[in-house]
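Q: The residues making up each chain are set out below.
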Amino acid sequence: MSDSVAGRTTTEAAEREASGDDGGGGNGISRRAALASTVGLTTATSGCVRQLRSIVNRDDIDPLSLTITTLPADGDRESIRLAREIAAALEAAGIDTSIEMRSNEEFLRSVLINHDYDVYVGQHPGGTDPDFLYEALHSLYADERGWQNPFGFTNLLVDDLLESQRDVDGEQRREAVTSLLEALTVEQPFVPICTPIEHRLVRDDRFDGWDDGHLATRTGYLGLEPQTDGSGEQLRAVHMDARPSQNLNPINAEYRDRGTIADLLYDSLATDVVDIDGAHELEPWLAEDWVWDEGDDEAETEDQSSLTVELRPDCRFHDGEPLTADDVAFTYRFLADTALGGSATPAPAPRYRGQVAAIDDVEATDDRTLEFTVATGEEVAARALTVPILPEHVWTERAAAASVPGYRVAQGTTDAVVTDNVPPIGSGPFQFGDRTEREHVTLERFEDHFTSRDDVDLPEATVEELRVQIDPRSTSAIQLIEDDSADLTSSTLENYVIADIEETEDVRLLESPSWTFYHLGFNARKAPFGNPRFRQCVAQLIDKSWVVDEVFHGHADPIATPVAGEWVPEELAWDGADPELPFLGSDGDVDVDAARTAFEAAGFRYDGDGNLRVRH
Amino acid sequence: MLTEVLTQVALVVAIMLLVSIPLFIGRERLTRLRTDWQSRLRTSAPAMLILSVVLLFNRVMRQDDPDIGVHMTETIRGLEGEFILIFQQIGSTELTMYFSFIYVYGYTFLLIFPAVAYFALSDTRMFRRLLTSYTLNYAIGLTLYALVIAYGPRNFMPEVETVLYNASPEYQHLTREVNRNTNVFPSLHTSLAATVGLFAYHTRSSYPKWYLVATVLAVSVIISTMYLGLHWATDVVAGLALAAFCVAASDRIVGRWSLSAIYTDLRSLRERRADRSDGADGDP
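Chains as they are written, first to last, in the UniProt record's numbering: chain Y, 1 to 616; chain W, 1 to 284.
Quick caveat, the hints were computed from the structure, so don't treat them as lab data.
A portion of the hints provided could be inaccurate.
[As the list claims (entries may be wrong)] Derived Cβ-Cβ restraints for the label pairs, each shown as a range: (1) ILE501(Y) x LEU2(W): 20 to 28 Å; (2) PHE245(W) x SER485(Y): 55 to 63 Å; (3) VAL216(W) x ARG408(Y): 52 to 60 Å; (4) ASP448(Y) x ALA14(W): 35 to 43 Å.
A virtual CB, placed ideally from N, CA and C, is assigned to each residue, including glycine.
Looking at chain Y on its own, in the form it has when it is part of the complex (with noise of 0.2 Å):
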């Protein structure tokens, strides 16, 4: 149409001219009319172009394609088939995908570090109280680096939500609680899968009281009881994942996943004593007691309350030093920014955000005692006393900046975070002995340690020698308790073999809650993944009871919410079926139809070949 026009109106100028200058004698077209024409013609081509451009310069929505980042096999071997799972109901919604494999500290530097993926499937550390999803989702923390906020989901709404349930306490907290959870199922920054149910393999010949302890926290290696004259001198426990061996720093994330081994070597003010079951409350450790004097004190607003804690009398760290109460004020201090006001902005650790978070200030007033000005309820600030403790004179020197010569190193990237910690100096009861890498860390027991005092009735270390071997999988390190070469399997039996296992009068196989969850991790700061109703179709591909029974052989409970079972709400809690993301298919298999309906109604598009198109 627009050439049509375009020929017309020069045309039409031509014989306009031609016809007017008739006079001036028929040498052929005047210069005038020459020049109109092309003026014309020029008119006629800018409208032309101008159109060709609007045509051309519209970008086209490109078939979506995307890689999901996991752990191989000798990693986590449910992670790798869940991806392979994921990626096949992906592609059968018309969605390109591949998959990607790192180790398990480049895993973790991949997503919390660098945040350069575009979405994973790995295991999240979880919590047994759900203030974890306040630092895993605040936007505040969204470019920060760590596990706080990896997924860059930003939600004024989620935002308040998270605020509101860290301020109250008790009932009213539970039901703010519901809200935030009701509000995430929505938004779906993450899709939970899944809950493992928590295998290890224990001699009942050795020692006694592994009923007590939850074998991920600490207190599951204090109170053992010695049952043959030897046994008091060595544990010997089995775990197969290296990175112990290689890295013993608290506060690194790569390295860390629940960070049980850590939590032997550095005490904490409080400790969360989870039971078999998964029962647990908070207990004072290194804090004798603590005491909450609300709205006292003129100088706190009135969100504030304080709180004043106790110190164990004469507690000492490793290398003899006293821990003192300014330790403890420079850890949290140290926390909040490992770089000790010498960067141009603060470095947070990349552990324990939210649980520093919930301090505004603390001050030593004492040797034994603090003070500490909180701007939660009770609930999630007494959560803040369970950091590890820091040796200043250790910790104090690691606030420079890592440099690598020849290299640019990130900003806020500070020894502290990067360092391998060893010989670790904490102050808990047990105390770095050796180790040689991918082979074994052997801890000792820490004589001056409080638990062993004879007026503390709190579990003690009670073998001489705590040693963690390093083998990777769990078919050997059953055969190593089998073989009466080991007492335990620190790490978590893989669920393929759990079926093969024969007890005997001596090796039992103990079962736990986890509160730990396998999940969908979409990087919101990459489109299309920012779009929750993207997500929402995403977590409606995943048949989460089928991969439970097909890659979890079943050792797994399916969940609709990532928090602990105690917290998870009626209406949100597993019933044959995911509550509110029903999955768009049967027994795995995605109902193609129904899942290109759905993401048609999330406002996406499909192409002729099937292919989902996005802009990203």
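Position chain W relative to chain Y; hints supplied.
A: Okay, now just chain W, sitting in the frame of chain Y:
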């Protein structure tokens, strides 16, 4: 557990050698070896020395190779898809046992025996070529390991039943000791087995029976890498190419620079100089 597995491998391979040495090499060559071994050792010393240096380097590198490479698992999968699953269709307990045995014991034997056999030949050229080929295989393989980061099929599809470590978990102690799980491309099991196979073909007139045995063993080793879920077909193809290159290159390299010739040259030079100085001394 590592020591147990190592002892077992040493024992089994020793028995295999004890049986095969008289069987394939023959008494005549062994008798001659008893008188000649010193001079043969002398001519082969440089090749042996270089191989030991590379093996030492290999040991350090395989544990802690610098991750300067590119992640390629997805590229390899894109290339071949689920090809290696065809070996699962013929999978059976007996085959898994056979290939597990071949992968650990058969392979070790396959690498050691030809070294003995070629040392027993009066011409050490084959022996030196074999060692040179081993050296090249390791040197090039290690470089590729550093450049290409990839996980094998067992890490991607751990549920596959015939995966070596599912069937025989004890062997992981052995392989973990000598390797990292991202050292997949190329398959050195394939390239070294194929190297031995090619040499066996070259020496079939000297060792006709070994030629047959080596062929069967080499092919079994190559299939075992895929059957047991340790390597992708791409790794195997790269391994075969590497073997062909190393065998051809060894032909060009061996004998090009003769240390003994250099040594003789140097000695004659020194002797001449000594003669001259002797003469000078003799002068009044």
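Q: So which of those numbered hints doesn't the model satisfy?
A: Structure breaks hints 2, 4.
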